[in-house]
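Top to bottom, those sequences are chains S and R.
Using full-length UniProt numbering, the letters of the first sequence map in sequence onto residues 1 to 149.
Using full-length UniProt numbering, the letters of the second sequence map in sequence onto residues 1 to 118.
The set of hints was computed from the structure by calculation and includes no laboratory data.
Check the hints yourself; a few may be wrong.
[Claimed, not checked] Covered by chain S, according to a simulated footprint, are these stretches of chain R (three or more residues, beta-carbon under 8 Å):
| hint | region |
| --- | --- |
| 1 | 62-70 |
| 2 | 93-100 |
[Claimed, not checked] Partial selection, computed: residues in chain R whose CB lies under 10 Å from chain S:
| hint | residue |
| --- | --- |
| 3 | Val14 |
| 4 | Gln17 |
| 5 | Leu33 |
| 6 | Leu51 |
| 7 | Asn108 |
The beta carbon of each residue, even a glycine, is placed where N, CA and C say it ideally should be.
Read off the chains here:
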Amino acid sequence: MTKSSDGVFFLTGKDFTNAGSASSNLKGILDDMGIPADIVRRAAIAAFEAEMNAIIYAVAGMMRYSITPEAVTVTLQDMGPGIPDIDLAMKEGYSTAPDYIREMGFGSGMGLPNIKKNTDKLTINSVVGEGTTLEFVIYLQGLSPETSG
Amino acid sequence: MTLGEIRGILGALVITQRTDMNKEIGRAYCADLMSDVLAFSVTQSLLITGLTNVQVVRTADVADIKAIVFVQGKRPDIDTIATADSKNIPLLVTNLSMFETCGRLYENGLRSAAGDTP
Ligand SMILES: Nc1ncnc2c1ncn2[C@@H]1O[C@H](COP(=O)(O)OP(=O)(O)OP(=O)(O)O)[C@@H](O)[C@H]1O
Ligand SMILES: [Mg+2]
């Protein structure tokens, strides 16, 4: 039986030393709660992609998570340039990442499509010049709002 | 094949501590693009890479990679090794090139984690 848990991690833009550690910590929390391994991996990968985006593109941000017996919900809110065209950003291969990001092994425009692939629900709200809020939900035990009533 | 066998085949150096050399490795994936590691289901496998930054270890952690081999004698810095130790991800360094590393492992029976070899 999964208990509930929630919390928040703070992210600093361009802090590549710690980039990814929030998602890594979240993965540890999910593992400790006994959540099935494939769900933990999907949540960790989606969180990591979103965390990297906040750190690469924004000035600062935070990752909130909420784990209930029904679902894992993760919200990434950042203060940054925002995304002018979300449909375009969602396209595989679309990237505005600078060269030094590519040298680190990122910036191939796969992050947002990969978040979509690994989650059951994805919402992105963005205001140019202010920031981006990305939220995803992964349902546990194959439960979705429709089937669980 | 075990991590110990992989070390032998590659003449690799193990740079993490308390590494379990009996750890079973079923499949392997080779990439310098972490985006690819995250996008393709390469979970529970060996990652072979020429990149040594700490994001490689964090990527391996979230993607459930079992161990990492760095090619061309490239070594990550001490903080990256410490991160790998804390996440229990063994790190190996081989002087062999990427091609030779993959070739020798394939020759010895290791197959692709990307599902493109039987
Ligand atoms: N939080 C964000 N703030 C501003 N722009 C963003 C943000 N997240 C994504 N973008 C924009 O959307 C593009 C696509 O993002 P996506 O994560 O799919 O790819 P990427 O980060 O460029 O490369 P990859 O994720 O493969 O390393 C980015 O290049 C960037 O222009
Ligand atoms: Mg990205």
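Cross-check of the supplied hints:
Counting residues of the region 62-70 of chain R whose beta carbon lies closer than 8 Å to any beta carbon of chain S gives 3, which reaches the threshold of three, so the coverage claim holds. For the region 93-100 of chain R, the stated coverage by chain S is violated: 0 residues have a C-beta nearer than 8 Å to a C-beta of that chain, whereas at least 3 were required. Annotation: R/Val14 was flagged as interfacial toward chain S, and the flag is violated, the nearest CB pair being 22 Å apart, outside 10 Å. The interface hint given for R/Gln17 is broken, as the beta carbon of that residue sits about 19 Å from the closest beta carbon of chain S, more than 10 Å.
Contact between R/Leu33 and chain S, as hinted, is supported at the beta carbon level, the nearest pair being about 6 Å apart and thus within 10 Å. For R/Leu51, the shortest C-beta to C-beta distance to chain S is roughly 5 Å, which falls under 10 Å, so the interface hint holds. With a cut of 10 Å, the hint placing R/Asn108 at the interface with chain S is violated, because the nearest CB-to-CB distance is about 27 Å.
Taken one by one, the earlier hints fail for this structure at numbers 2, 3, 4, 7, listed in ascending order.
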